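J.: Take a look at the letters that make up each chain.
Number of protein chains: 2
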Amino acid sequence: MNVTIKDVAKRANVAPSTVSRVIADSPRISEKTKRKVRQAMKELGYHPNFIARSLASQATQVIGIVMPSAAEQALQNPFFPEVIRGISKAAHEKKYALQMSTGEKEEEIYEGVVDMLQGRRVDGVILLYSRINDKLMKYLQKNKFPFVVIGKPHQKEEQITHVDNDNYRAAKEAAQHLIELGHERIAFVGGNKKYLVTVDRLHGYEAALKEAGLPYREDYIMHEEFLQEGGQEAMKELLSLADPPTALVVADDLMALGVLKTLDEMGLRVPDDISIVSFNNTLLAEMSRPPLTSVDIHIFQLGYEATKSLIEKIANPNEPVKRIIIPHRIVKRFSCDYYRK
Amino acid sequence: MNVTIKDVAKRANVAPSTVSRVIADSPRISEKTKRKVRQAMKELGYHPNFIARSLASQATQVIGIVMPSAAEQALQNPFFPEVIRGISKAAHEKKYALQMSTGEKEEEIYEGVVDMLQGRRVDGVILLYSRINDKLMKYLQKNKFPFVVIGKPHQKEEQITHVDNDNYRAAKEAAQHLIELGHERIAFVGGNKKYLVTVDRLHGYEAALKEAGLPYREDYIMHEEFLQEGGQEAMKELLSLADPPTALVVADDLMALGVLKTLDEMGLRVPDDISIVSFNNTLLAEMSRPPLTSVDIHIFQLGYEATKSLIEKIANPNEPVKRIIIPHRIVKRFSCDYYRK
DNA sequence: TCATTTAGTGTAATCGTTTTAGAAATTGCT
DNA sequence: AGCAATTTCTAAAACGATTACACTAAATGA
Chain Y
1 MNVTIKDVAK RANVAPSTVS RVIADSPRIS EKTKRKVRQA MKELGYHPNF
51 IARSLASQAT QVIGIVMPSA AEQALQNPFF PEVIRGISKA AHEKKYALQM
101 STGEKEEEIY EGVVDMLQGR RVDGVILLYS RINDKLMKYL QKNKFPFVVI
151 GKPHQKEEQI THVDNDNYRA AKEAAQHLIE LGHERIAFVG GNKKYLVTVD
201 RLHGYEAALK EAGLPYREDY IMHEEFLQEG GQEAMKELLS LADPPTALVV
251 ADDLMALGVL KTLDEMGLRV PDDISIVSFN NTLLAEMSRP PLTSVDIHIF
301 QLGYEATKSL IEKIANPNEP VKRIIIPHRI VKRFSCDYYR K
Chain L
1 MNVTIKDVAK RANVAPSTVS RVIADSPRIS EKTKRKVRQA MKELGYHPNF
51 IARSLASQAT QVIGIVMPSA AEQALQNPFF PEVIRGISKA AHEKKYALQM
101 STGEKEEEIY EGVVDMLQGR RVDGVILLYS RINDKLMKYL QKNKFPFVVI
151 GKPHQKEEQI THVDNDNYRA AKEAAQHLIE LGHERIAFVG GNKKYLVTVD
201 RLHGYEAALK EAGLPYREDY IMHEEFLQEG GQEAMKELLS LADPPTALVV
251 ADDLMALGVL KTLDEMGLRV PDDISIVSFN NTLLAEMSRP PLTSVDIHIF
301 QLGYEATKSL IEKIANPNEP VKRIIIPHRI VKRFSCDYYR K
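Order-wise, the sequence lines are chains Y and L. Note that the UniProt record's numbering has the first sequence beginning at 1, numbered continuously upward. Note that the UniProt record's numbering has the second sequence beginning at 1, numbered continuously upward.
Wrong hints could be hidden among the right ones.
Since the list gives no way to pick out one identical chain from another, each pair is judged satisfied if it fits inside one copy or across any two copies.
As the list claims (entries may be wrong) - Using 20 Å as the maximum straight-line C-alpha spacing, the simulated SDA-like pairs for lysine to any residue come out as follows:
{"no.": "1", "residue 1": "Lys156", "residue 2": "Pro244"}
{"no.": "2", "residue 1": "Lys89", "residue 2": "Ala70"}
{"no.": "3", "residue 1": "Lys194", "residue 2": "Asp273"}
{"no.": "4", "residue 1": "Lys261", "residue 2": "Arg333"}
{"no.": "5", "residue 1": "Lys261", "residue 2": "Pro290"}
{"no.": "6", "residue 1": "Lys236", "residue 2": "His47"}
{"no.": "7", "residue 1": "Lys135", "residue 2": "Ser69"}
{"no.": "8", "residue 1": "Lys6", "residue 2": "Ala56"}
{"no.": "9", "residue 1": "Lys89", "residue 2": "Lys105"}
{"no.": "10", "residue 1": "Lys210", "residue 2": "Gln118"}
{"no.": "11", "residue 1": "Lys94", "residue 2": "Lys105"}
{"no.": "12", "residue 1": "Lys322", "residue 2": "Gly213"}
{"no.": "13", "residue 1": "Lys89", "residue 2": "Gln118"}
{"no.": "14", "residue 1": "Lys95", "residue 2": "His298"}
{"no.": "15", "residue 1": "Lys36", "residue 2": "Asn133"}
{"no.": "16", "residue 1": "Lys156", "residue 2": "His223"}
{"no.": "17", "residue 1": "Lys236", "residue 2": "Ala15"}
{"no.": "18", "residue 1": "Lys89", "residue 2": "Glu108"}
{"no.": "19", "residue 1": "Lys261", "residue 2": "Arg289"}
{"no.": "20", "residue 1": "Lys332", "residue 2": "Arg289"}
{"no.": "21", "residue 1": "Lys261", "residue 2": "Pro291"}
{"no.": "22", "residue 1": "Lys261", "residue 2": "Leu283"}
{"no.": "23", "residue 1": "Lys94", "residue 2": "Gly119"}
{"no.": "24", "residue 1": "Lys89", "residue 2": "Asn49"}
{"no.": "25", "residue 1": "Lys261", "residue 2": "Met287"}
{"no.": "26", "residue 1": "Lys135", "residue 2": "Glu31"}
{"no.": "27", "residue 1": "Lys193", "residue 2": "Tyr168"}
{"no.": "28", "residue 1": "Lys144", "residue 2": "Gly182"}
{"no.": "29", "residue 1": "Lys156", "residue 2": "Gln176"}
Source of the hints: derived by calculation from the structure; they are not laboratory data. Quick caveat, the model's predicted, so the values are computed rather than measured.
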């Protein structure tokens with residue numbers, strides 16, 4: 001079997017507890033003993049057993065990442081690798097490991113996360129989404145598990161630490177940009193209504209129209225999956241309208257890609273025939289044809305800040321609730337043009 | 001504190017060991033007792049403590065993912081989310097959780113993985129890369145830890161289970177495609193020479209040239225990072241040559257993107273002035289301007305198969321060594337054209 | 001009928017740490 | 001020198017499961 005703390009203790013002629021304290025670098029152990037013990041550890045090639053340590057100390061130094069759907073699906077959208085990059089950076093800085101939820105349906109994810117936490121596999125979790133009436137979020141709150149959410153919680157916002165953008169303003173600005181270019185028929189292509197990002201952005205869009213005195217049209221509002229296919233579907237539907245929009249606010253770059261695809265198939269040109277403002281400013285926005293004007297929401301930073309907050313919360317359960325708003329900025333490229341009759 | 005196996009035992013009027021056996025669904029427990037125990041578990045809201053279970057059973061049901069560099073960097077390349085998707089699917093099927101290494105420099109990653117394994121945090125690991133003389137791989141082998149590598153091991157290939165493409169042939173075919181189009185000055189843009197993918201692909205490229213009777217030129221061989229910047233660097237250098245190439249084999253889509261960028265800045269056009277065959281066939285290849293002819297290496301499947309093999313190996317330490325070659329296929333788009341003098 | 005299986009549970013050791021409570025050794029002070 | 005205070009270390013009890021072994025009662029067989 002493996003080298004344990006007892007072997008080290010024997011070799012160094014001290015008690016196991018002393019070795020444990022040397023590992024923790026307790027000030028209650030003399031330098032002399034520490035040297036002796038460390039020497040023994042080196043000689044034996046000792047590595048602490050995290051599992052045993054976790055069991056005794058009731059902490060794992062692991063953070064759980066919870067995706068909105070199966071990683072298998074979510075990871076198709078570059079948003080997720082990018083948040084994870086931010087999470088990874090912060091986790092690494094504080095010596096936390098990362099564990100990913102793997103579940104397919106909502107119920108399965110819920111069970112998985114509950115097991116993760118009740119099974120004490122992780123010290124806390126980061127929700128990479130926020131949806132209306134989320135069973136999981138309620139559970140986490142009720143059981144006082146440390147967690148933070150990326151996005152705006154549906155309920156009890158003031159009781160839940162979260163990191164978000166000002167999606168209302170961001171979408172409003174996006175729509176205003178199009179309005180300033182003279183567009184009057186502007187559609188909104190977003191994700192499922194149960195996600196708060198979608199709701200917030202829709203409201204922002206709506207507010208911009210209202211302020212500009214433009215009508216809000218139900219048939220200009222699309223809700224689809226955050227994937228290319230979603231964008232395609234939405235665009236097809238919009239084009240089937242009697243008076244299709246001349247501009248779009250699209251809530252995600254990958255969706256925007258689908259929009260472009262459909263437009264291309266239909267022989268319509270961007271920005272000549274239709275203008276687009278998208279969200280996320282991932283590499284896709286830069287690369288698409290034409291490059292998309294996109295709202296940069298600083299995804300990396302969302303992940304980074306969320307993780308830092310979570311770790312603080314884990315370290316100190318009384319840490320006050322925080323609400324962190326990451327700034328956004330609209331990056332203008334070549335998918336928007338003046339509206340010409 | 002939490003509900004433990006003892007609480008359940010008390011409630012059901014049985015011994016803790018019986019409860020444990022019910023959890024494991026042991027055939028040695030009568031149906032009647034099982035029902036009684038399950039009832040008690042439900043009533044108390046019992047969740048098994050994974051950590052305690054892991055300690056006792058010496059297994060965690062967690063797989064470690066090892067990236068070549070900091071996740072923070074690696075995840076910029078769509079290759080990684082895509083392998084992870086495959087890994088995630090297989091892991092989920094077999095009820096394994098995933099843990100990611102977070103380390104920056106090579107040495108730090110090494111330490112991290114050693115700790116992961118020695119600390120018994122994971123039952124095995126998947127290396128998402130293969131490099132020459134890899135300290136970590138040697139360590140894993142020496143200590144008989146279950147692991148599989150995605151890529152071709154540098155040494156003792158026949159002793160290490162790995163999942164790879166036939167990179168030699170893939171690159172050869174890529175180059176041949178260009179040769180068939182009449183190109184004679186074909187450059188190779190790959191990653192660092194320490195990675196075996198790079199080496200294999202370079203050899204394939206070389207073989208194609210040789211068979212076609214074309215000269216192999218050192219100054220046409222570029223080794224850069226698997227990022228856009230790498231492609232840019234390479235292309236700049238190639239363009240500074242007295243007789244720059246008319247076609248390129250680029251070992252990665254993201255790099256190819258960098259190549260395109262530089263080409264665009266220099267006012268050169270693809271495929272009119274330069275033809276390109278790239279690798280990975282990620283979304284980027286489809287989206288770039290022009291869309292890239294790219295070798296699809298079925299990244300998802302690499303991850304999926306690797307994970308299945310690893311889990312088999314964990315379940316049965318005597319599982320024979322496997323070598324799985326995932327087929328590739330060249331997807332033709334619009335980055336290649338006939339060579340015109 | 002009594003020894004022998006077999007089925008179903010229980011007892012207790014074990015996994016490798018952390019940590020509380022307290023013993024032993026050292027130091028300081030008068 | 002004697003005693004309190006301080007420093008340094010140890011013994012032993014958690015932590016929450018798994019599992020080898022023991023045991024009892026019922027079933028089987030000669």
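J.: Of the numbered hints stated previously, which ones are contradicted by the structure, given in increasing order?
T.: When the structure is compared with the hints, numbers 1, 3, 6, 10, 12, 13, 14, 15, 16, 17, 24, 26, 28 and 29 turn out to be violated.
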